[in-house]
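Enquirer: Spelled out, the chains give:
Number of protein chains: 2
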Amino acid sequence: MALILGIDPGSRKTGYGLISSLNNKLGYISSGTIRIPDTLALPERLKLIFQSVTELIEKHQPQEFAIEQIFMSRSAASALKLGQARGAAIVAAVQQGLPVEEYEARKIKQAVVGTGAADKIQIQHMVRSLLKLPAAPPEDASDALAVAICHAHTQANLIRMAGSRYSRGRLAH
Amino acid sequence: MALILGIDPGSRKTGYGLISSLNNKLGYISSGTIRIPDTLALPERLKLIFQSVTELIEKHQPQEFAIEQIFMSRSAASALKLGQARGAAIVAAVQQGLPVEEYEARKIKQAVVGTGAADKIQIQHMVRSLLKLPAAPPEDASDALAVAICHAHTQANLIRMAGSRYSRGRLAH
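For the protein sequence lines, the chains are A and B, in the order given.
Heads up: the first sequence begins at 1 in the numbering used here, then just goes up one per residue.
Heads up: the second sequence begins at 1 in the numbering used here, then just goes up one per residue.
Simulated from the structure, these hints should not be mistaken for lab results.
Treat the hints loosely; a few may be bogus.
Straight line, CA to CA, 25 angstroms or less: simulated DSS-like cross-link-like pairs of lysine-lysine [what the hints assert, rightly or not]:
1. B:Lys47 x A:Lys13
2. B:Lys13 x A:Lys81
3. B:Lys13 x A:Lys47
4. A:Lys132 x A:Lys120
5. B:Lys132 x B:Lys47
6. B:Lys107 x B:Lys132
7. A:Lys81 x B:Lys132
8. B:Lys13 x A:Lys25
In silico negatives: residues of chain B with every beta carbon more than 10 angstroms from chain A [stated by the list, open to error]:
9. Leu3
10. Ser20
11. Asn23
12. Ile29
13. Gln61
14. Leu80
15. Arg160
16. Ala162
These stretches of chain B come out as covered by chain A in the derived footprint (C-beta under 8 angstroms, 3 or more residues) [claimed, not checked]:
17. 45-59
18. 120-130
Where a beta carbon is used, it is the ideal one built from N, C-alpha and C, also for glycine.
Could you put the whole structure together from the sequences, leaning on the hints where they help?
Expert: Below, the structure is given as structure tokens:
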């Protein structure tokens, strides 16, 4: 069984979601939002993200870490803020020796909802359904769980593909 | 005497500069460039910045940390990359308990050259002159030394202002 930590980074709210994955069966472990007060100076904000992600890793001991890959942003100013938050979260993971995988938003939506054009409500609905939760988690937590689910599916597909190649004796050398 | 570490963050090259400051007298300690190979994946790139800055702090034990504040960028994509690099460097400093100060490019140029519209060559020339170096350090290292010099001047001015208020018996309560 693999434990996967998904992160949806943001400069004001960073979502996290922890799931287990075993033979393509998913289990919900934990999720939530790291809220970063506007009143803190930038260094303190980044420290809060770094330390919160470090604590999550130390507490739950995931083996894998998945984060949304970002290409676009509304503006250069928001991209800079997002980049700083994202940098703090990724450094926390690599410092703990976790492999980091990045997934495009389109790929996450495809993996969770079945279409790359899904909206936030559809993601929340499918995250709730796939993880058999009594209610949909808030948006940041749902987005973080979605990237973890995308990672689990991608890994399961890689293993299935490797297995089918092997069973047919066509393993690439 | 205060040791100041200045950082000029970048996603491909991150400059660093260490100076000492005592009674407004500056001394050169060390400077250089952390080169981040294009071949590394993003998590490894950010880890390299984080660990290199952490090693500089552990080796030289500066008491203060100064970094350029950025408002503008050519594009959202470059702002995101710069933000990630900047986030990794700032997290390294706050994790070591260092106070982090940010300075606008305009203010750094003003402090080092005397005009906010100075170009890179003028900065290199003045960094060389102020620190009595035999040659101008490369651009990234010069920019990092410049932000450290700006910090030293700002701190010296704050102390001078506080002192003059105190000596005139007009210390604000």
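Enquirer: For each hint, tell me whether it holds in the structure or not.
Expert: To see whether the hints hold, each was checked on the structure:
1. B:Lys47 x A:Lys13: Measuring from Cα to Cα gives roughly 23 angstroms; hence the hint holds.
2. B:Lys13 x A:Lys81: holds, 20 angstroms
3. B:Lys13 x A:Lys47: Distance ~23 angstroms between Lys13 of chain B and Lys47 of chain A Cα, so the pair holds.
4. A:Lys132 x A:Lys120: OK: Lys132 of chain A and Lys120 of chain A at ~18 angstroms, within 25 angstroms.
5. B:Lys132 x B:Lys47: Judged against 25 angstroms, a Cα distance of about 34 angstroms means the pair is violated.
6. B:Lys107 x B:Lys132: Distance of about 22 angstroms is within 25 angstroms: holds.
7. A:Lys81 x B:Lys132: violated, 37 angstroms
8. B:Lys13 x A:Lys25: violated, 43 angstroms
9. Leu3: Leu3 of chain B clear of chain A: closest Cβ-Cβ about 18 angstroms, beyond 10 angstroms.
10. Ser20: holds, 23 angstroms
11. Asn23: It holds; Asn23 of chain B is separated from chain A by about 27 angstroms at its closest Cβ, greater than 10 angstroms.
12. Ile29: It holds; Ile29 of chain B is separated from chain A by about 22 angstroms at its closest Cβ, greater than 10 angstroms.
13. Gln61: With a cut-off of 10 angstroms, Gln61 of chain B remains clear of chain A, as the shortest Cβ separation is near 19 angstroms.
14. Leu80: Its Cβ does come within 10 angstroms of chain A, the nearest being 4 angstroms, so this is violated.
15. Arg160: Check passes; 24 angstroms lies beyond 10 angstroms.
16. Ala162: holds, 21 angstroms
17. 45-59: n = 3 at 8 angstroms, threshold three: holds.
18. 120-130: violated (count 0)
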